[in-house]
Amino acid sequence: MSMNDLLEITKANFSALFIDRGRVQQQSLGLTQSGPMDEYAFLWANKLLGNDLNAACIEITFGKFSVKALQRCQVAITGANFNARLNHHNLANWETLYLKKGDELHFDGPQMAGTRAYLSIKGGFDCPKPFQSACTVKRENLGGFNAGEVLQVGDGLSSLVQQTQAQTINISVYPELIRTYNNRGVIHCRFMPTSQWALFSSQDQQRFLNQAYRISSQSDRMGVRLEGEKLKPYNDGIISEGIALGAIQVPPDGQPIVLMRDRQTIGGYPKLGTVLSTDIEKIGQAMPGQTIQFHVSDIKAAYEERIQRERFFDPNNED
Amino acid sequence: MKVSAYCELISEKNLLVRFGDQISEDLLDVIQEASLCAAKVFGHQLKDLVASYTTLLIEFDPLLISPWQAQIAFQKAWDQHCLIIYSHVFKPSQNAKDIVGSSIEIPVYYHPSVAWDIQTIAQQKGITWQQVADYHSQKEYRVYAVGFAPGFAFMGQIDSRLETPRQSNPRTKVPAGSVAISDLQTAVYPNQSPGGWNIIGRSPSTFFNPESSPAALLKTADRVRFKSIDKAQFIHLGGCLNDLSTADDKDDG
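Residue numbers (the working numbering), protein chains in the order written: chain A, 1 to 319; chain B, 1 to 253.
Quick caveat, the hints were computed from the structure, so don't treat them as lab data. No false leads were slipped in.
Straight-line Cα separation of at most 16 angstroms, EDC-like style, residue types lysine to aspartate or glutamate; simulated pairs:
hint, chain 1, residue 1, chain 2, residue 2
1, A, LYS300, B, GLU8
2, B, LYS125, B, ASP183
3, B, LYS125, B, GLU163
4, A, LYS129, B, GLU211
5, A, LYS47, A, ASP314
6, A, LYS282, A, GLU305
Far from chain B, by Cβ distances over 12 angstroms, these chain A residues were calculated:
hint, residue
7, LYS64
8, TYR98
9, GLU104
10, ASP108
11, ASP126
12, GLN162
13, ASN170
14, PRO175
15, GLN211
It should be emphasised that the depicted structure is a prediction, and the values quoted were computed from it without experimental measurement. The beta-carbon is built from N, C-alpha and C at its ideal position, and this holds for glycine as well.
With the hints as extra help, turn the sequences into a complete structure.
Written as structure tokens, this is what we have:
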């Protein structure tokens, strides 16, 4: 704790961590790219405050997280709805908030929609940035206040910039742009088949497209494991190669794994294709046990949506 | 040697280039050359490069270059590179030679007290554990890929007399510096981690340190030799003899 601290963590469930858009140019060292599980919500958390889009935010998984304001500051919350409360007042999500000394912000409602919320602070959190990124990756001992450890009760949080005078006007995301998450329904995800799609029989290709897969509880920021009818590729293994975000690989047990933000840099299992990078966040917000259905798309859609997203969030594009 | 490249867009910002389907030292040099070529073609459009045994994954910025332009740009540049400079006969250029120039010697204490599997392997092969150490330290290896964990370098190929499959039951904790083999590959665990490779020694060297530059001791294409050292040298070089209390922990996963 230091004099500059604006917030203190008063409750944490061992999964709240610093995150930014990812660690770039370091995969040749074997470091994962990392990044936010829900990019859309993460980008909004920064955009709402006029932050650099790569500013460090806190990703809160499954709620049970609280902070207390030690000084006046401005924050924003987006992403999963954990029935956030400011002191005793319920909050709408996807908005900025001015906190004054003593205010408590809770993400601990009994119900939730989505699994990951983002907390940003005006100017971005001041945190260690090993290899130029705030991303916390436990298995690499990188990020956070203690070599890859998640945030703990008692940790103090500060910003890279001085907080301005308290104001009362909060801004929020246009209602039509707010994402709501449903933890019961089927998630629909588009993917582009890649060349190893041909390593699967046409029956297996149909099996993959026609079934709704269950998301296993053995899922994390590295990969989301799916449970369903088994697939059997012609090859059990390929020579290890670099892996794109969203690659759907099939290990010998026949149950696909979608490789998420903290994926390993290289891998040797056959892949069905790549989930569109703008659809990955749907999986990032899904609850274990929820089902997911895949739909064939192509690189044209992947590219157009990526460009659209980058332009939308680009601060130079604002009207 | 023919160095055709098959370029596939695997996402809107990733181009996977395949150079062959057989692991070989020649291909390793080709891929180093291709990394240079990609860096030159894409310049500031380049976001990351992941070289592996037979492939190069190129990540570019789709805001600066479309995936289709990226594919054509690399394909063209590579064809010219091969055609003009090598006349279809591949020789690493001076640049690539500089890249592959690093020769690294790694001290290893090969002793059953820290080499948990060396006696088992010796018994299986009908040789002494000292011979396992000899066979392992007699060869020069190349780094074919880096992955699995920060600074974890996949090196090959070991003496076929030592070929041993991965353990079916990976250990939950392998000490930092453990020198290990799996099939025809060898590697050193940079940090304590879970692992299924067979441990035949321990090195006192530091293999990954975020504070130093470069952070990883080994990079793709490096040439590596292992040098047998005794206990006194191991300790002198900062080696740690302590076995983990959970040394025999096995994980069913």
